[in-house]
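Trainee: These are the residues of each chain, in order.
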Amino acid sequence: DTAVSQTPKYLVTQMGNDKSIKCEQNLGHDTMYWYKQDSKKFLKIMFSYNNKELIINETVPNRFSPKSPDKAHLNLHINSLELGDSAVYFCASSPFAGNYGYTFGSGTRLTVV
Amino acid sequence: GENVEQHPSTLSVQEGDSAVIKCTYSDSASNYFPWYKQELGKGPQLIIDIRSNVGEKKDQRIAVTLNKTAKHFSLHITETQPEDSAVYFCAASSNTGFQKLVFGTGTRLLVSP
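Protein sequences appear in the order of chains A and B.
Taking this note's numbering as reference, the numbering of the first sequence is continuous, increasing by one, and the terminal residue is 120.
Taking this note's numbering as reference, the numbering of the second sequence is continuous, increasing by one, and the terminal residue is 145.
Next comes chain A alone, as it looks inside the complex (with noise of 0.2 Å):
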């Protein structure tokens, strides 16, 4: 019964491969994001959807591509993968588009080869 989950945990490729990450959410929730976190642990938003509708877009490469289904999953689809991509990618949900807290996925680490 976990309430956000990713799929893979882990993912190592080659440069130049595509690659998708998987999230989906059992809270009932509006809102999903994606954001990225890298070696220093910085973590900085990517996307964010709200009731399948696209509403944050941030300065991220268009090799990156969301795609949300319906409102409980949000996949994140990366093409011709370079380097600086490898980091640990966190799917998270909110109730509404508000202020509210994050629910946060337990990662996936993607080792760009």
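No lab work stands behind these hints, which were simulated from the structure alone.
From a predicted model like this one, the values you see are computed outputs, not experimental measurements.
Here a beta-carbon is modelled for each residue, glycine too, at the ideal position from N, C-alpha and C.
Warning: the hint list may mix true and false statements.
Said to hold, decoys possible - Using 16 Å as the maximum straight-line C-alpha spacing, the simulated EDC-like pairs for lysine to aspartate or glutamate come out as follows:
id	chain 1	residue 1	chain 2	residue 2
1	A	K51	B	D91
2	B	K74	B	D116
3	A	K48	B	E37
4	A	K48	B	E71
Said to hold, decoys possible - Partial selection, computed: residues in chain A whose CB lies under 8 Å from chain B:
id	residue
5	K48
6	L50
7	I52
8	S55
9	N57
10	I62
11	I63
12	F97
13	P102
14	N106
15	G108
16	Y109
17	S113
18	G114
Said to hold, decoys possible - Short, incomplete list of chain A residues facing chain B, as computed with Cβ under 8 Å:
id	residue
19	P15
20	F49
21	A104
22	F111
Please arrange chain B on chain A, whose structure you already have, making use of the hints.
Mentor: Frame of chain A; chain B shown alone:
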């Protein structure tokens, strides 16, 4: 946009001592300030939050204070225990537009027995 600074970056205390982590924010429209605890290999977990209409909030051994005039807020942990060892993040967001939590740079807390 919002910018959140967090200090110190590392904090070592003896079990039973108190620990204080401080954050400052730049956007005077920010009105929601959560704190997250991240244990090794896990996602950040919300431990306490405060809204701008409140100056202080306490939950057992943890408390948060907010000074809107100075634009800073602090996390206080009393009677620290080894299981408090983790990375702690402060964050801020405003109701202007869609919510976007902006995180501080994190504080690694080490509690020695």
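Trainee: Against each hint, give a clear statement of whether it holds in the structure.
Mentor: Against the structure, the hints come out as follows:
1. K51/A to D91/B: violated (28 Å)
2. K74/B to D116/B: At roughly 14 Å apart (the allowed maximum being 16 Å), D116/B and K74/B satisfy the hint.
3. K48/A to E37/B: holds (14 Å)
4. K48/A to E71/B: holds (12 Å)
5. K48: holds (5 Å)
6. L50: With a minimum Cβ separation of about 4 Å from chain B (threshold 8 Å), the hint on L50/A holds.
7. I52: The hint holds - I52/A has a Cβ within 8 Å of chain B, the shortest such distance being about 6 Å.
8. S55: holds (7 Å)
9. N57: holds (7 Å)
10. I62: Since chain B brings a Cβ to about 5 Å from I62/A, closer than 8 Å, the hint holds.
11. I63: holds (6 Å)
12. F97: holds (5 Å)
13. P102: Not OK, violated: P102/A not within 8 Å of chain B, min 10 Å.
14. N106: holds (4 Å)
15. G108: holds (4 Å)
16. Y109: Y109/A check passes; min Cβ-Cβ to chain B is 6 Å, inside 8 Å.
17. S113: Check passed: Cβ of S113/A comes within 5 Å of chain B, closer than 8 Å.
18. G114: holds (5 Å)
19. P15: violated (14 Å)
20. F49: Status holds, d = 6 Å.
21. A104: Result: holds, 5 Å to nearest chain B Cβ.
22. F111: This interface hint holds because 3 Å falls under the 8 Å limit.
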